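Each protein sequence line maps, in turn, to chains A and B.
First residue of the first sequence? That's 1 in the working numbering, and the numbers climb one at a time after it.
First residue of the second sequence? That's 1001 in the working numbering, and the numbers climb one at a time after it.
Rather than coming from a laboratory, the hints here were simulated on the basis of the structure.
Treat the hints loosely; a few may be bogus.
To be verified - Just some of the chain B residues that point at chain A, by a computed CB distance under 10 Å:
1. 1011
2. 1012
3. 1026
4. 1070
5. 1206
6. 1342
7. 1384
8. 1385
9. 1413
10. 1414
None of the values given here were measured: they were computed from a predicted structure.
From the three backbone atoms N, C-alpha and C, an ideal C-beta is built for every residue, glycine too.
Residue-level listing of the chains:
Number of protein chains: 2
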Amino acid sequence: MSIFETGLDKNDANFAALTPLSFLKRAALVHPEKTAMIHGRIARGWAEEYARCRRLASALSRRGIGKGDTVACMLPNIPAMMEAHFGVPMTGAVMNALNTRLDAATIAFILDHGEAQVVITDTEFAPVMREALSLTERKDLLVVDVDDPEGPGGARLGSIEYEGLLAEGDPDFDWAPPADEWDAITLNYTSGTTGNPKGVVYHHRGAYLLALDNIVVWSLPGQVRYLWTLPMFHCNGWCFPWTIAAITGTHVCLRNVSAAHIYAAIADHGVTHFCGAPVVLGMLINATDDERRPLERTVEVMTAAAPPPPAVLQRMEEQGFHITHVYGLTEVYGPAVVCAWHEDWSALDPEARAAKKARQGVGYTTLEDLAVLDPETMTPVPKDGETLGEVMFRGNIVMRGYLKNPTATQEAFAGGWFHSGDLGVWHADSYVELKDRSKDIIISGGENISTIEVENALYQHPDIVEAAVVARPDEKWGETPCAFVLTRDGSDLTEAAVIDFCRANMARFKAPKTVIFGPLPKTSTGKVQKFKLRDQAQAL
Amino acid sequence: MSIFETGLDKNDANFAALTPLSFLKRAALVHPEKTAMIHGRIARGWAEEYARCRRLASALSRRGIGKGDTVACMLPNIPAMMEAHFGVPMTGAVMNALNTRLDAATIAFILDHGEAQVVITDTEFAPVMREALSLTERKDLLVVDVDDPEGPGGARLGSIEYEGLLAEGDPDFDWAPPADEWDAITLNYTSGTTGNPKGVVYHHRGAYLLALDNIVVWSLPGQVRYLWTLPMFHCNGWCFPWTIAAITGTHVCLRNVSAAHIYAAIADHGVTHFCGAPVVLGMLINATDDERRPLERTVEVMTAAAPPPPAVLQRMEEQGFHITHVYGLTEVYGPAVVCAWHEDWSALDPEARAAKKARQGVGYTTLEDLAVLDPETMTPVPKDGETLGEVMFRGNIVMRGYLKNPTATQEAFAGGWFHSGDLGVWHADSYVELKDRSKDIIISGGENISTIEVENALYQHPDIVEAAVVARPDEKWGETPCAFVLTRDGSDLTEAAVIDFCRANMARFKAPKTVIFGPLPKTSTGKVQKFKLRDQAQAL
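Excised from the complex, chain A in its bound form (with noise of 0.2 Å):
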């Protein structure tokens, strides 16, 4: 043994399990005054929020909800969801937030397979939550109905309402942290686009890193007010409920995205942040004069889910916004991954300089390591920007597996990575940039397509709004690229101009064979439903 490892172990004075939870507390001791939590009308302090969720945890304790229970959240981006991501933790519990947009029997399948004790639901949500009710097989459920003063009423469904259980709870709730860092904190259930979606463990410590992780990586000042436009169901708002807490920033609510919304929300409550998918920036590149409201500062926009077409970027950074490129997976809580900016590139042309923010980048500070493996070999591909692999990620801030699934889980840990499912290519400077998801990859006369070419290809067309491009099968080149394209309104844009449009600025054999006009079938989160595409497209 050596000197380092005698007389000098772990006690309550210099070891603590690594939770979030410890963020609120710090909060309300260090800001009690401080805005938390802007909500309409609303406004309250982080004392106040934490003594919410102090009773929102002393409640669901003193109706039996502890360690190893589920907590199921159909909520939009309201206080109640915030507040649930510390209440239902200090239990013990774990926070399962649904997607909202979902269908009752997808709901319905969720709360059986994570075993839902409770259910906290919007009224918003009623029609699709009692038919739910009625399909699951949890029958002893408490279902908590939160009428949000902001929402459009509708019937309530369960036996209490949010105000009146968080009245059962009391304020100074004495919780206990996790046991251990490794608990259970939230579960999210995949969108699965083929098959049941898959629930998602995170836990106490990838909470605690990546919530500290964005203030790092976007260089977050306490005086962020912080805007909710991403869905907080959606991989737990990529756990900016925890990091807004750890810089005791303010949390700005939105019950509905829009435009007009956003850009009056910014006016009026002076959000420096927000975070959303590309859908959210194409809202405000195309909102109308009547919806916008002059910036006065640049506004923080930190973008994912889809990689955002270079002219989507330049669009959004000539109109004040200045975007921060992230990219993720539920499997990783969310962002894990960053276009970090060189000085330099900044001098580059705008369309160079887009091209630059639209590669997804370099792991996250605490994100352990970032590779693009051939997923045969699980060896790196060359860093060349051509060579395809499978986008694989390892550390920290990685799931601990799929809930009751330990296939699922096994395939996605194969050789100590978690394969993505997503391919691209490594650049010289150890950037990767997506190319597609596996299964979207177009192999025409034996030449790989990357559908997000094409696709940054047509949002260079000033007509064109929204693009999305799948393969249609063919007799002689096995597949051909399919573009579906939504245009501006008063747009006479016909399908040969798209295609010579493509022609003219890439590989002509990567240039759409076929264009349909119409809006994009999206999920929940805002991605386009490729697979309706590809269903289509097989029709034609």
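Add chain B to chain A, keeping to what the hints say.
For chain B alone, kept in the frame of chain A given last:
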């Protein structure tokens, strides 16, 4: 077993030991060319610094250094010192930074007690190190000289020069992260005013967390250019060697800390941030016009060590430095407490603002708990701003313990808290304010007198540059305050005038009864050596 405890285990994909070494690896990958290190005419990028650290680790490994070993460093704030913070722990060994102002006997004690295998020593310190090497019982020590091109030259004591050692090493050395994040990373001896110094052991987990927390607490941007005024041997430079890697900023080294050198570095290298004891602040305030250079922007300064008198804080801010006040001890990795700022304090008049800022404040984000407790009962003192108690810490940024000293370790951790030995009060807003070291408090006629309070009053006097107060034995009162002051050149301040000034500005019984004029003796870390003053006061 709950569903959350089955099939969701740790594996290589989702768990890694926390270590600040990972920050350097990432910095080299993300910003290989960005300047990591400026030292005189030397400027190196992150990739080059990573390669140098790997060379150091490789060369030490080849010479048999590894887990359980100790590498001592007697170095000023130069690149080799930063590199040792990474290169040594990359071998698994523990880095022991020596205070370069210590005497030979104390250095020999530390080499023996820490069981050093290697000493890396700057030629500037050859005389004292030669003597220390003649005194130590470590006979097979590998001595590595650093003959810094920016240094004064001097004798070489060892068998190899630092650059020669690096040349032996492999720049692609495949270092292993620690097997356990609880493994020791560094060893720092307290300055110990009585008895032998104690060896404080830090671990990878704590160094990682505090390194990140410096970024959070100080809102450090990626463009930080950090000037090394604070000695890196002091609590590992408050973990900033690791912090600057985590944010991929730029280190600006400084062999000799003087007002002229600091102003020159700010002007020549675009320094944005530095840390320094109040003695450094005093230097800047009292700089001559020749030494000054205009500040092009506000420079952020983090200060601690002794509580800065409000008058000093105020003068610094008037001169363009923005002060963040932190507090800590060697046992808590440097700073673990910050005077987190409230927006509305900025509207206070300068004196009231400085008084707020002179308070030590609240725990860092990663500190689990900070409290002012009655050390007898271990219960919190009332938050009344008056009741004295002992400041205590709990959490992951508290040391593992004292090396080979289980008795001192157990005493320090009695009751599950780290006992700081500092006396303070808890204000109504939960901010801690130090009143004294336990051993410094003056008890006069049964009343406690805080020497810090008397010192703050003295600093209000325009002619007083430095002040320290200790107890002087007194037959009638038990003890009375005895002030030691250094006055501005040309001042004709008298003892009676000083006493009158204090009586006019505080409770009469707290005013000094004795005033001694002259320079103050300081420790190597810039703290006034009160034990010397106490001896002097006793001998009067």
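Hints, one by one, checked against the model:
Look at residue 1011 (chain B): its Cβ gets to within about 6 Å of chain A, closer than 10 Å, so that hint holds up. For residue 1012 (chain B), the interface hint holds, the least distance from its beta-carbon to any beta-carbon of chain A being 3 Å, beneath 10 Å. A least Cβ separation of about 7 Å between residue 1026 (chain B) and chain A falls short of the 10 Å threshold, and the interface hint therefore holds. This hint holds: residue 1070 (chain B) has a C-beta 8 Å from the nearest C-beta of chain A, less than the 10 Å allowed.
Interface hint at residue 1206 (chain B): satisfied, since its Cβ lies 8 Å from the closest Cβ of chain A, which is below the 10 Å cut-off. With 10 Å as the threshold, the beta carbon of residue 1342 (chain B) comes within range of chain A, its nearest partner Cβ sitting at about 7 Å, so the hint holds. Because the beta carbon of residue 1384 (chain B) sits about 17 Å from the nearest beta carbon in chain A, more than 10 Å, this interface hint is broken. Against a cut-off of 10 Å between C-beta atoms, the interface hint on residue 1385 (chain B) is violated, since the closest Cβ of chain A lies about 16 Å away.
Checking residue 1413 (chain B) against chain A by beta carbon gives a least distance of about 4 Å; that is within 10 Å, so the hint holds. At its closest, the beta carbon of residue 1414 (chain B) sits 9 Å from a beta carbon of chain A; the interface hint therefore holds under the 10 Å criterion.
The structure shown violates the earlier hints numbered 7, 8.
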